[in-house]
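Q: Here the numbering used here is used: position 50 in the sequence shown is 50, and no number is missing along the way.
It should be emphasised that the hints constitute simulated quantities derived from the structure, not laboratory data. Please note that the accuracy of each hint is not assured.
Unchecked claim - Dumping the calculated DSS-like pairs for lysine-lysine here, alpha-carbon to alpha-carbon at most 27 Å:
no. : residue 1 : residue 2
1   : K69       : K9
2   : K41       : K69
3   : K76       : K62
4   : K15       : K76
5   : K41       : K9
6   : K17       : K112
7   : K41       : K15
8   : K76       : K46
9   : K40       : K62
10  : K40       : K17
11  : K76       : K40
12  : K69       : K15
13  : K76       : K41
14  : K107      : K17
15  : K17       : K62
16  : K46       : K107
17  : K15       : K40
18  : K62       : K112
19  : K22       : K9
20  : K46       : K22
21  : K62       : K46
22  : K41       : K17
23  : K9        : K62
24  : K62       : K22
Unchecked claim - Quick list of the computed label-pair ranges, beta carbon to beta carbon:
no. : residue 1 : residue 2 : range
25  : S27       : A7        : 16 to 24 Å
26  : P114      : D64       : 41 to 49 Å
27  : N79       : K112      : 31 to 39 Å
28  : D83       : K40       : 34 to 42 Å
29  : E88       : I49       : 19 to 27 Å
30  : F108      : R55       : 16 to 24 Å
31  : P114      : R90       : 17 to 25 Å
Since the structure is predicted, the reported quantities are computational estimates derived from the model, not experimental observations. Glycine residues also receive a C-beta, built at the ideal position from the N, C-alpha and C atoms.
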Amino acid sequence: MLRAAVAAKTPLGIKAKEAMNKGELVSDDLVVGTIDEAMKKPSCQKGFILDGFPRTVTQAQKLDEMLAKQGANVDKVLNFAIDDAVLEERITGRWIHSASGRTYHSKFAPPKSPGVDDT
1 MLRAAVAAKT PLGIKAKEAM NKGELVSDDL VVGTIDEAMK KPSCQKGFIL
51 DGFPRTVTQA QKLDEMLAKQ GANVDKVLNF AIDDAVLEER ITGRWIHSAS
101 GRTYHSKFAP PKSPGVDDT
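Turn these sequences into a full structure, and let the hints guide you.
A: What follows is the structure, encoded as structure tokens:
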């Protein structure tokens, strides 16, 4: 959702991209705002998946507040138990092309030409 907002250059997406370009984390309020916007789209009316969010109690509380305002709630949660070595391999091979914001992985999703944003 966040990547889509950045790509669509929504007001929240522009703010998120500014934070990313500075190497900062995107604020909880921007992420929750982006989720709030996305939930109003037809593509999310039957449900959606939040991957990697919430990560903290504060994020969960902000998400709960936003969902309550919309009259929605979380009815299913998936927790994947993954070996630490697999997680390390996945995170250490990941890189983001700064100009486009696209994410690559040196092993699992490399660009066609090494180091080039060409997908």
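Q: Give a verdict on every hint.
A: Right, here's what the structure says about each hint:
Simply put, K69 and K9 have alpha-carbon atoms about 25 Å apart, close enough for the 27 Å limit, and the pair holds. For the given pair, K41 sits about 16 Å from K69 by alpha-carbon distance, which is consistent with the 27 Å threshold. At roughly 18 Å between alpha-carbon atoms, K76 and K62 fall within 27 Å of each other, so this suggested pair holds. Pair hint K15 plus K76 does not hold up; C-alpha atoms about 30 Å apart against a cutoff of 27 Å.
Taking the CA atoms of K41 and K9, the gap is about 16 Å. The hint holds against a cut of 27 Å. A C-alpha spacing of about 25 Å is found between K17 and K112, which places the hinted pair at or below 27 Å, so the restraint holds. Taking the CA atoms of K41 and K15, the gap is about 20 Å. The hint holds against a cut of 27 Å. For the given pair, K76 sits about 13 Å from K46 by alpha-carbon distance, which is consistent with the 27 Å threshold.
With a CA separation close to 17 Å, the supplied pair K40 and K62 stays within the 27 Å bound. Restraint check for K40 and K17: satisfied, since their Cα atoms lie roughly 21 Å apart, inside the 27 Å limit. As the CA atoms of K76 and K40 are separated by approximately 19 Å, the hinted pair is consistent with the 27 Å bound. Distance hint between K69 and K15 is fulfilled; the C-alpha atoms sit about 23 Å from each other, no more than 27 Å.
Among the hinted pairs, K76 with K41 is consistent with the structure: their alpha-carbon atoms are about 20 Å apart, no more than 27 Å. For the suggested pair K107 and K17, the alpha carbons sit about 26 Å apart, so the restraint of at most 27 Å is met. At most 27 Å may separate the alpha-carbon atoms for a hinted pair to count; K17 and K62 meet this at roughly 21 Å. Between the alpha carbons of K46 and K107 the distance comes to roughly 33 Å, so the proposed pair goes past 27 Å and is violated.
As the CA atoms of K15 and K40 are separated by approximately 20 Å, the hinted pair is consistent with the 27 Å bound. Distance hint between K62 and K112 is unfulfilled; the C-alpha atoms sit about 39 Å from each other, more than 27 Å. The straight-line distance between the Cα atoms of K22 and K9 is roughly 17 Å, inside the 27 Å bound, and the hint therefore holds. For the given pair, K46 sits about 35 Å from K22 by alpha-carbon distance, which is inconsistent with the 27 Å threshold.
Taking the CA atoms of K62 and K46, the gap is near 22 Å; set against the 27 Å cutoff, the hint holds. The hinted pair formed by K41 and K17 meets the criterion: a straight-line CA distance of about 21 Å does not exceed 27 Å. Taking the CA atoms of K9 and K62, the gap is near 23 Å; set against the 27 Å cutoff, the hint holds. Between K62 and K22 the CA atoms are separated by roughly 24 Å; this keeps the pair inside 27 Å, and the hint holds.
Checking the proposed 16 to 24 Å range against S27 and A7 shows it holds: the Cβ atoms sit about 19 Å from each other. Our hint of 41 to 49 Å for P114 and D64 holds, since their Cβ atoms are close to 43 Å apart. Against the hinted window of 31 to 39 Å, the Cβ-Cβ separation of N79 and K112 comes to about 35 Å, which satisfies the hint. Our hint of 34 to 42 Å for D83 and K40 holds, since their Cβ atoms are close to 38 Å apart.
For E88 paired with I49, a C-beta distance near 23 Å keeps the hint of 19 to 27 Å intact. Hint check: F108 to R55, Cβ distance near 22 Å, so the stated range 16 to 24 Å holds. Evaluation of the 17 to 25 Å hint for P114 and R90 yields a pass: the beta carbon distance comes to about 19 Å.
Of the numbered hints stated above, those contradicted by the structure are hints 4, 16, 18, 20, listed in ascending order.
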